[in-house]
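Just so you know, the protein sequences line up as chains A and B, in that order.
Note that full-length UniProt numbering has the first sequence beginning at 1, numbered continuously upward.
Note that full-length UniProt numbering has the second sequence beginning at 1, numbered continuously upward.
If you're looking for bench data, these hints aren't it; they were derived computationally from the structure.
Take the hints with a grain of salt, since some may be wrong.
When the alpha-carbon atoms are kept at most 25 Å apart in a straight line, the in silico BS3-like pairs for lysine-lysine are as follows [what the hints assert, rightly or not]:
id	chain 1	residue 1	chain 2	residue 2
1	A	K196	B	K257
2	B	K225	A	K73
3	A	K284	B	K285
4	A	K433	A	K455
5	B	K274	A	K196
6	B	K270	A	K196
7	B	K270	A	K274
8	B	K225	A	K171
9	B	K179	B	K237
One-sided excerpt, in silico: chain A residues whose CB lies under 10 Å from chain B [said to hold, decoys possible]:
id	residue
10	I315
11	A328
12	T335
All figures in this text were calculated on a predicted structure; none of them were measured in a lab.
Here a beta-carbon is modelled for each residue, glycine too, at the ideal position from N, C-alpha and C.
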Amino acid sequence: MLPKYVKLGYRYLVDHILTFLFIPIMAAVSIQILRLGPEEILTIWNSLQFYFFQILCSSFLVTLIATVYFMSKPRSIYLVDYACYKPPITSRVPFSTFMEHSRLILKDNPKSVEFQMRILERSGLGEETSLPPAIHYIPPNPTMEAARGEAEAVIFSAIDSLMQKTRIKPKDIDILIVNCSLFSPTPSLSAMVVNKYRLRSNIKSFNLSGMGCSAGLISIDLARDLLQVHPNSNALVVSTEIITPNYYQGSERAMLLPNCLFRVGSAAILLSNKRGDRNRAKYKLVHVVRTHKGADDKAYKCVYEQEDPQGKVGINLSKDLMIIAGEALKSNITTIGPLVLPASEQLLFLFTLIGRKIFNSKWKPYIPDFKQAFEHFCIHAGGRAVIDELQKNLQLSAEHVEASRMTLHRFGNTSSSSLWYELSYIEAKGRMKKGDRIWQIAFGSGFKCNSAVWKCNRRIKTPTDGPWQDCINRYPVHIPEIVKL
Amino acid sequence: MFSYCFPLLCLFYNLWKIFDRRRHQNCYILDYECYKPSDDKKLSTRFCGEVIRRNKQLGLNEYKFLLKAIVSSGIGEDTYGPRMVLEGREMSPTLEDAIIEMDDFFLDTIDKLFNKTGISPSEIDVLVVNISMLAIVPSLSSRIIHHYKMREDIKVYNLTGMGCSASPIAINIVQNIFKTQRNVQALIVTSESLSLGWYTGKDRSMILTNCLFRSGGCAILLTNKVALKEKAMFKLKCLVRTHHGAKDESYDCCKQKEDDQGYEGVHLGKNLPKAATRAFVDNLKEIAPKILPVRELLRFTLLTLIRKMTQKYNKTGAAARPVINFKTGIDHFCLHTGGKAVIDAVAQNLNLSEYDIEPARMTLHRFGNTSASSIWYVLAYMQAKKRLKKGNKVFMISFGAGFKCNSCLWEVMRDLDQDGNVWKEFINSYPPKTIDNPFFEKYGWINEEDPDTFHIPDDYVIP
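Input sequences plus hints: build the corresponding full structure.
Now the structure itself:
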C-alpha cells in the first residue's frame, strides 16, 4: 500500500537508529572541542594529575573486569563442517520401479495401487530417490540384519566423509548424539558408532529416537547445552532415518503415504566450542527454538504409528497435517520473531497488534517479513504441500524455497537429515556468503516445530564433494504439478 | 575516590554473578515414585511353568536349562510381567499391547508423583524419557506431553536403546541443562517395554532375558531451584560414564538380533560378566578419586607403592593386594539388579557385606530385573528401611548394553522416612527368612527325566 521508498526509508531509519542518534552527539562534542582551541586542551590535559600507581590500578581493574565479563559469557557454538550421505545409484527407485513393486505386492488392492500412483504423481519427488536394498526385494525383506546393514551403510559413510573433511580423529570426539526415529536396536546406534570408530570410553553418548523429522534440531539443541557446560569440546551429531523396518506392508491408504515419500538419507555434523575452530568453522549457531504442540489432541494424533486391521504396523498421516503444521509454525514464529527480526519489523508488528486490540480488530494481522532477517531458508522437505504452505505463510519467493523443493526432488523426504541436504544445495550453488543468516525449520511427529538460526562464519568455496556434486548443474528443475505416470 | 568505586563495584558484581550461577547449578531430586503394577500381573511359579510349557519350541533340554537359570536367578514369586503374557498372547504381541503396557505405567506412577509433590505438569521445563526397547512415532515422551498437557516450550528428549544403564544418562542430560539455565524443573521417566521384546524361540542365550526382565518403572522429579532446596531429597555430587563400545567383545556381548529361525531377541553372550567387570573397573578408577576422602586415596597409593617395592626385593612372598575401601566415602550402595551373579560379583569386587547388598538382593527378589529403573527400587528399599540419614552418601551404579557402566553419587539432604513408598505395604516382611526359589521344589523332577521318553500330554495341567 505504502510507496516502496517510504517503506525502505522507515526500515533503514529504525534499524540504524542508534547510529542516527550517535552521530549528532559525536558531532556536538567534536564541535565543542574544536571551539576550545589547542592550547586550552593542553592545559586541561596537564591539570589532570596522573600518578603512576593510579594508572596501574585502574588498568589492572579494567582488564580484570573485562576478563571476568568475557569468561561469564555463554560459549559460542560453531558448526565446523557437515557431510551428507549420497546413496549409490544402484539403490535408486524411479517411478516405474516403485509402481511395478506396488502392483506386484498389492495385487489384491488395485485401489491402493492407484492411490499410490496419484500420490507419487503429485509428490514433487524425482526419479533418483533411493530406498534401501531390503526394500527392493519383492516382497520386501525387512529383517533386523538388513536394518542394521542399512544403518551401518548410511551412518558410517556420512561419518567417514565428515572425518575426511574436518581431519578430526575419532579419539577427539567428546560428545556423540545419534537420532533415528523408528529404528532402535540394543545396543543403540550410538554404541554402534562408538564400536566402529573406537571412540573414547569417557564419551558422552546419547541415542534419541521417536522424535520424528524434527529430531535433527533437537540433537543440535542437546549438543548446544552440553557444549555450554563442557569447555574445549566437540560434538558429533548424526541424523538419519532407517527405512528398512518401517516400510508399510499392508494396504491401508493413509498408511501407504509414507512409503511414497520417505527415502534413504543421513547427515553427520561436527559442532565445536573450541577457540581454534573459530576460523575454520562454516557456521555459528545463533538460536534454537523448540515448540511442542503435544498438549493438543489433534496435533498429537496427526502423525501416529499404529496397526492396521490386518495387524501390520505403519504410520498414519492425518488429513489435518497442513493446518496443524501452520499453527505449530505460528507458535514457533512468535518465539523466534523477537530474537531475529530487525527492530523495524518488530515495531510494525507491535503497532498493528496494538491497533487491532485498541482501535479496530478488523485490521489484518501483520505478518513480519522474515526475508529481512534471513538470507536463506531451509524448510524441511516433508512433502510438496508442506513447502507450499510455508511459502505462503512466510511470503517467500520461489528462490527461497528452491533448496527445499530441489532436495525433495532429488532425495525425497529423508526425515531429519533433509535440512542438511538443503544447506548443501545452497552451498553447491555458490549462494552462501560470509555473514548470511540461515533459518532451518523442521516439523515432526508429536507435533513439534523446531527451528535453528545459523550465521555463515567464513567464505565458503563451492564444494567439490558432497551429495549434489554430480547433479547440481541440472538444478533447479521445474517440477510440474502432476507428473503423468 | 569515586573513580575507584565504580570499577570495583563492577568487579564484585561480576564475581557475584559467577558465584550465584554456581549456586543455581546443583541438581536436586525433589521426589521419585516407583511403579508397582497391579497384583493381577504377578508371575507366580506356577504361571511361569505354564508359559514355558506353552512355547512349543522348547524341549526337555531347554526345560533343564531354564530350571537351572531360574533357580539361580534370585527372583521370587511376586514379580510382575506384561499384560500380554498374562493373557496368553506372548507369541503374537501387537503394538497396542506395548502402548497399553506403557500407559499402565505412566498413568499410575506419574500421577502419583505429581500428587505427592504438588507440582503441576505445566511447571515442567524438561522431560527426559528413557525406555529402551520401544521406539514409536510419536515418541513416548510426546505421549506424556499430550496426556498431561505440558507446555509448548518444553525441552523434551526421548532416549532409547541405551539399555539398563540409561538412568544415569538421563540424569546427565538434566544435569547439563541445569548448568545452563536457572529455575528449571525436570521430569525423568524410566522404564522398560517387555511386550514387543518377548522372545519366542529356543536359543538359550536369548531366552534368558525372558527369565530375568520384569515390569517396572520410575518417575523422578528434579530441580535446580535454590528455593526448593529444603524440600529436596538428594543432591547430585558427581556422575561418571564409561563406554566400552570400542571393544568388540564388549559391544557384542549384549545384542538384539534374530536367531537362526528368524525370531528376534536379545542375545546375552558368555563373556558378558567379563565385559561387565572390565567396564566396572574402568568406571571405578575414574570415579574413586572424585568421591573418596583424600586419606583413603593416600592410604591406597602408599600401600600399592610399598607392595611394588617389596615385590621387587622379595620375589617369593607376595603381600595381599591392597583393596580400596569404598565404604570410607560411600554409605549406601545402589547396585543394578542385573541378576544374582552380577550382584555377587560387584559385592566381591567392592568388598561389601550382606547388609550393603541386601537392598539390591531384595529388589531382585521382589521386582526382578526392571532394567534401567532397578536402581530406584533399591533406593526406595533403603528409604523404606529408614537407612537414609542426612549427609549420607548413596552410590548408584548400573551396567548396560554397549557395553556401558555408569555411576553417580548422591548426598542425602535430609533424614528420609518411608512416606508413600513402593515398598510400604510389605517392607516389614523383608528380608524374608529364605529366598530360595520355589521353582526347584515344583519342577525339580525335570532333571530326572530322560529326553527320549519325555513327553508332556497336551492337556497336562500344572498343579
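Checked hints:
Simply put, A/K196 and B/K257 have alpha-carbon atoms about 18 Å apart, close enough for the 25 Å limit, and the pair holds. Restraint check for B/K225 and A/K73: satisfied, since their Cα atoms lie roughly 21 Å apart, inside the 25 Å limit. Annotation: proposed proximity of A/K284 to B/K285 is violated, straight-line Cα distance about 37 Å (limit 25 Å). Simply put, A/K433 and A/K455 have alpha-carbon atoms about 10 Å apart, close enough for the 25 Å limit, and the pair holds.
Between B/K274 and A/K196, the direct Cα distance comes to roughly 21 Å. Compliance with the 25 Å bound is thereby established for this hinted pair. Taken as a hint, the B/K270 and A/K196 pair is honoured in the structure, with Cα atoms around 22 Å apart against an allowance of 25 Å. The hinted pair formed by B/K270 and A/K274 fails the criterion: a straight-line CA distance of about 42 Å is larger than 25 Å. As the CA atoms of B/K225 and A/K171 are separated by approximately 36 Å, the hinted pair breaks the 25 Å bound.
For the hint pairing B/K179 with B/K237, the CA-to-CA distance comes to about 13 Å; that is within 25 Å, so the pair holds. Interface restraint check: A/I315 against chain B, minimum CB-CB distance 6 Å, threshold 10 Å, status holds. A cut of 10 Å between beta carbons decides the hint on A/A328: the least distance to chain B is about 9 Å, and the hint holds. With a least beta-carbon distance of about 7 Å to chain B, the hint placing A/T335 at the interface is held under the 10 Å criterion.
Hint compliance for this structure: hints 3, 7 and 8 are not met, and every other hint is.
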